[in-house]
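Visitor: Spelled out from the first residue to the last, the chains are:
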Amino acid sequence: MSEFEPQIVAFFCNWCTFTAADLAGTSRLAYPPNIKIVRVMCSGMVDPKYVIKAFLNGADGVLIGGCWPGDCHYINGNLKARRRVAHLTEILKQYGIGEDRFWLRWIAASEGTMLQEVANEMTEKIKAIGPSPIKTQQEAA
Amino acid sequence: MSNFTTVSYKKDELNKELAKLFTALLEQKTVDGIMVPCRQPSGTVMQTLITDPAQTAQVDPFAPVVPVSSAKLASSLTAKPSGKKIALVMRSCEIRALIELVKLNQANLDDTLLIAQDCFGRFENNDFYALQESGLTAESFLQAAQGGTTATDGKDITEACSVCEHPVSANADIRLCLIGADAGTFVVESVSEKGEKAISDMGLSGSDSEGKRADALKTLVAARQEAFNQKFTEYQENINSFQALEENMAKCVNCYNCRVSCPVCYCKECVFVTDTFRHDGEQFLGWAQHKGNLKMPTDTVFYHMTRMTHIGNFCVGCGQCTSACPNDVNLTMAFRSAAKVSQDRFDYEAGRSLDEAQPLTVFHDDELVEVTGQVK
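Those protein sequence lines, which keep their order, are chains A and B.
My numbering puts the first residue of the first sequence at 1, with every later residue one more than the last.
My numbering puts the first residue of the second sequence at 142, with every later residue one more than the last.
Take the hints with a grain of salt, since some may be wrong.
Only pairs whose alpha carbons sit at most 30 Å apart, straight line, appear in this in silico DSSO-like list of lysine-lysine [what the hints assert, rightly or not]: (1) B/Lys-353 x A/Lys-53; (2) B/Lys-226 x B/Lys-335; (3) B/Lys-335 x A/Lys-125; (4) B/Lys-226 x A/Lys-135; (5) A/Lys-127 x B/Lys-432; (6) B/Lys-296 x B/Lys-353.
Think of the hints as simulated: they come from the structure by calculation, not from any bench.
Model, not experiment: these values are computed from the prediction.
Assemble the whole structure, with the sequences as input and the hints as a guide.
Guide: Take a look at the structure:
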């Protein structure tokens, strides 16, 4: 059996993390293809529904990338995202989707290297803990 | 500021004594209208907006049934100022939901007189009507409940009520107290300045003592708290995966009654009935092809989880969702559980105080650092 390749849905803010991913690309910093990027205008526009839907459809992890506090293009969208993530984490945790699968990280436009590090770290971590329990349940059913 | 007046009533005359108080409020023009549960010609008990002091005879606020959470009704009465003063006779869960609606700018307490009634719990609607047929009255229920029994004829109060640790509303102008009251009496407590003026208009002295209320309340709350802790632990242990949640919600038919009946489901238009969820046949077929089959209607767990994220911080545990469910889905504990973990995270309690900001409406630079774990 081939190695488990996690599917990680990533919502990256247009102004910082998405640009960092671009920078990582132009700097030839390779990061795992497990990260599937969805560009959003702000981490603050990531509706909890997007995250729930991703998990329900079998994502092994969800990564939200936003601007560092104080750097938000829309002043405070990232701070709203942080509260929402804290809230959603509590709900998901009850049903077996822990903090190890649902990440929020601040990655500035200039931090291409950090993007690579976070992508590597998250992919490794999820490879270690295995497929999402939702996926395994759905396959068993 | 709290003061108490004991009112005695003869057998079968509790509502008559209460009606006198409401009549006084209308006659003295303390308020222009009173929303209070009243007996309807058909025998049901529904909230009724009374403006004529001569028409208070049918009041029955302590009938152990809540067909609709009054929070939504109070919202429709007060969201836009009517220029009239309205007294609202409500239970603790309804007031707590109303407080959340006020914070969401969907209700306004400026011109209201909040009259909170002690609550021992309510029956499911059909249970109540059946019990009523066999002779249950507000008085007989209250007497039994004061003695510690809520069940009669094999029927008991709802699950939500049996784990409700808020039988008394913290927010009110006046409280109609029955917990710890002597047989054949109830106690009117004024809590605020508005309340004090109102009880003097009612002709009450406010010079009595609280009696055994504090102790009786403590015992009741402790028992309810223990019942909640037990159900919560049970829920957390049993429904701890998406699969278990799916099974719990398996009988759901996406009728959305739970969100219609929910007093704090605040969206003007629910996203689940918008075009976002109105898919073409082609789309459904595409999804079906992934696994070879697709349960329809779709998005059931998705809907319930979305509601958990929307109302997790506001859920007051009234249990109207369960009552409205045509298929007996265990919603109460699912939502109380979501409420518990959400509200604990933000040290918030739905309906506790008008002065506490709702968790997702405030945010600070230097908080919740543990979410990202990153420090610059």
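Visitor: Hint by hint, say whether it matches the structure.
Guide: Evaluation of the provided hints:
Taking the CA atoms of B/Lys-353 and A/Lys-53, the gap is near 52 Å; set against the 30 Å cutoff, the hint is violated. Simply put, B/Lys-226 and B/Lys-335 have alpha-carbon atoms about 11 Å apart, close enough for the 30 Å limit, and the pair holds. For the hint linking B/Lys-335 to A/Lys-125, the alpha-carbon distance of about 59 Å lies beyond 30 Å, and the restraint is violated. The hinted pair formed by B/Lys-226 and A/Lys-135 fails the criterion: a straight-line CA distance of about 56 Å is larger than 30 Å.
Taking the CA atoms of A/Lys-127 and B/Lys-432, the gap is about 23 Å. The hint holds against a cut of 30 Å. Under the criterion of a C-alpha separation no larger than 30 Å, the hint pairing B/Lys-296 with B/Lys-353 is consistent with the structure, at around 28 Å.
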